[in-house]
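Visitor: The residues making up each chain are set out below.
Number of protein chains: 2
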Amino acid sequence: MSSPRIDLQAALEQIGADVDAAFQSLLSVPVDARSRLYDAMRYAAIGGGKRLRPLLVVAACGLFRVARERALRCGLAVECIHVYSLIHDDLPAMDDDDLRRGKPTLHRAFDEATAILAGDSLHALAFEVLADEATHEDPFVRVELIAELARAAGPAGMAGGQMIDLKAAELELDIPAVTRLQQLKTGALIGWCVEAGAIMGRLPPEGRKSLRGYARDVGLAFQITDDLLDHEGEEGKMGKRAGKDEAAGKQTFVSLLGPERARRQAELLVEQARVHLSGFGEEADLLRAIARFAVERDH
Amino acid sequence: MSSPRIDLQAALEQIGADVDAAFQSLLSVPVDARSRLYDAMRYAAIGGGKRLRPLLVVAACGLFRVARERALRCGLAVECIHVYSLIHDDLPAMDDDDLRRGKPTLHRAFDEATAILAGDSLHALAFEVLADEATHEDPFVRVELIAELARAAGPAGMAGGQMIDLKAAELELDIPAVTRLQQLKTGALIGWCVEAGAIMGRLPPEGRKSLRGYARDVGLAFQITDDLLDHEGEEGKMGKRAGKDEAAGKQTFVSLLGPERARRQAELLVEQARVHLSGFGEEADLLRAIARFAVERDH
Chain A
1 MSSPRIDLQA ALEQIGADVD AAFQSLLSVP VDARSRLYDA MRYAAIGGGK RLRPLLVVAA
61 CGLFRVARER ALRCGLAVEC IHVYSLIHDD LPAMDDDDLR RGKPTLHRAF DEATAILAGD
121 SLHALAFEVL ADEATHEDPF VRVELIAELA RAAGPAGMAG GQMIDLKAAE LELDIPAVTR
181 LQQLKTGALI GWCVEAGAIM GRLPPEGRKS LRGYARDVGL AFQITDDLLD HEGEEGKMGK
241 RAGKDEAAGK QTFVSLLGPE RARRQAELLV EQARVHLSGF GEEADLLRAI ARFAVERDH
Chain B
1001 MSSPRIDLQA ALEQIGADVD AAFQSLLSVP VDARSRLYDA MRYAAIGGGK RLRPLLVVAA
1061 CGLFRVARER ALRCGLAVEC IHVYSLIHDD LPAMDDDDLR RGKPTLHRAF DEATAILAGD
1121 SLHALAFEVL ADEATHEDPF VRVELIAELA RAAGPAGMAG GQMIDLKAAE LELDIPAVTR
1181 LQQLKTGALI GWCVEAGAIM GRLPPEGRKS LRGYARDVGL AFQITDDLLD HEGEEGKMGK
1241 RAGKDEAAGK QTFVSLLGPE RARRQAELLV EQARVHLSGF GEEADLLRAI ARFAVERDH
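Taken in sequence, the protein lines are chains A and B.
Under my numbering, think of the first position of the first sequence as 1, with each following residue one higher.
Under my numbering, think of the first position of the second sequence as 1001, with each following residue one higher.
FYI, nobody ran anything at the bench for these hints, they're computed from the structure.
In this text, a Cβ means the ideal position worked out from N, Cα and C, and glycines have one as well.
Be aware that a few hints might be false.
[Unchecked claim] Take a look, some chain B residues computed to stay more than 12 angstroms from chain A by CB distance:
#1 P1104
#2 R1261
#3 V1295
[As the list claims (entries may be wrong)] Pair by pair, the computed Cβ-Cβ distance ranges are:
#4 B/R1005 - A/G213: 55 to 61 angstroms
#5 B/S1028 - A/R212: 21 to 27 angstroms
#6 A/K50 - B/K1103: 40 to 46 angstroms
#7 B/S1028 - A/E282: 43 to 49 angstroms
#8 A/D138 - B/R1108: 43 to 49 angstroms
#9 B/A1017 - A/D298: 33 to 39 angstroms
#10 A/F140 - B/A1021: 27 to 33 angstroms
#11 A/E282 - B/G1213: 28 to 34 angstroms
#12 B/K1244 - A/A10: 50 to 56 angstroms
Work out the full structure, taking the sequences as your base and the hints as a guide.
Guide: Now the structure itself:
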């Protein structure tokens, strides 16, 4: 089951360096009163996170021999959305977190107003990046990437999932409901990452079924592993507060299934995800390695 | 100087009804735990505001005989951005306002977390609306609308202007600095409204200079009038808190120029705006009427 041809650690380090370099270039600080806003965006966006979403984009684009620099633009866009969502979710009115990616959350390091605006700014930048012709020469491809990302990030996707999550403690969710919550909150954006490869590679929508299956299974496996790590609670490794869902009385895969069954479920999802890739050859090895990483990581 | 062929009041009522109908259709409430999010978006988006931005889009599209239903989609997108910005600007961490469009602000009527998410959701929806082929059959047109809107809304535009505005009290801004602040905070989005007409009408960028001049002058005239209304302070008519900039110690056109010179400056800008339209015939009468409305309104 392993993918010996892939050095995932090297791939993670490379994508981290590439995304940081892209943010450095995108977020050059203007010499006026907006500098604080750009400083805040840089604080949140540069030098942290696993960059799992950009790596998924690059891996999916790799199936279709998309140039890496173009794939990276899609990865940068989805990371803009991901970072904005973390900034807003961490706010006192939302999850009220003090620690993110091993350092104080943005509203703690700066202030709440700046954090709200930095999130909003990264949100807009995601679409500006995709709309630029450097992403793809065909405007139809760019507009499809944008339409799908807007859907995945908006009320029918990530924002809708966060709304349900805010009410999760009082909703007493069962397994299908937690699955649905996570498919919206994190699954929609992970799905976009893989779909972006198909869009950039001009795979027609009817050919995307197996890739969508892969994304759905990897997304859930990733979330269950997050719940397990949160339950085991090594805050130092995670770089964020541990045990918070349990403390808030929210149902998770772990609280509903117990840690042992949850772990087996995540393993099963990873096997399923890899089955979805059976029509591909070694060009899918990076996607296969990411699926394993989803459950084998320690942070 | 008047435009007798245009019944601006009727145009305002019509655009109000059209935008409300479009939001009603866009924001149908799902039967799940996301319903609160959609209720919040509807509360903020439907049934209020002058709808100046959608009217500007429709008026600019009218120069190029763009179908009204397509122009309305652009108007809906920019109103999504405008409403999201009002929701976030009203938050306690930002301007901390209790009243907007004559009713409690969203975070007062619902709660802060829901308000943040509703703003984020409307932000994403703006781009989803533009990306849809119902907006224009040519993806190049759609992607140009999106690129320009993302720039106008992001840190180089509206969000950057709001950042400066938050620090305005301590910056002791002069007239050029207040002008720059307002060109970012409100001017960029108003500029997009007029530019959207040119994009939809396939006017090449080099032909857009006079329209950009019109938008810049109308945007500033509108802002000076806002400052005058805020200074005169009839909260009932404005539907929002009056006198707040003065109370916060912020420089405005009125505090820097005095009310009389500010009023003359706004009048001058309206005349200039109309001069920019001199190359157009009666198809620009609605734009001319909007320029007058910018300074003649009482709310």
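Visitor: So which hints don't hold here, by number, going up?
Guide: 9, 11
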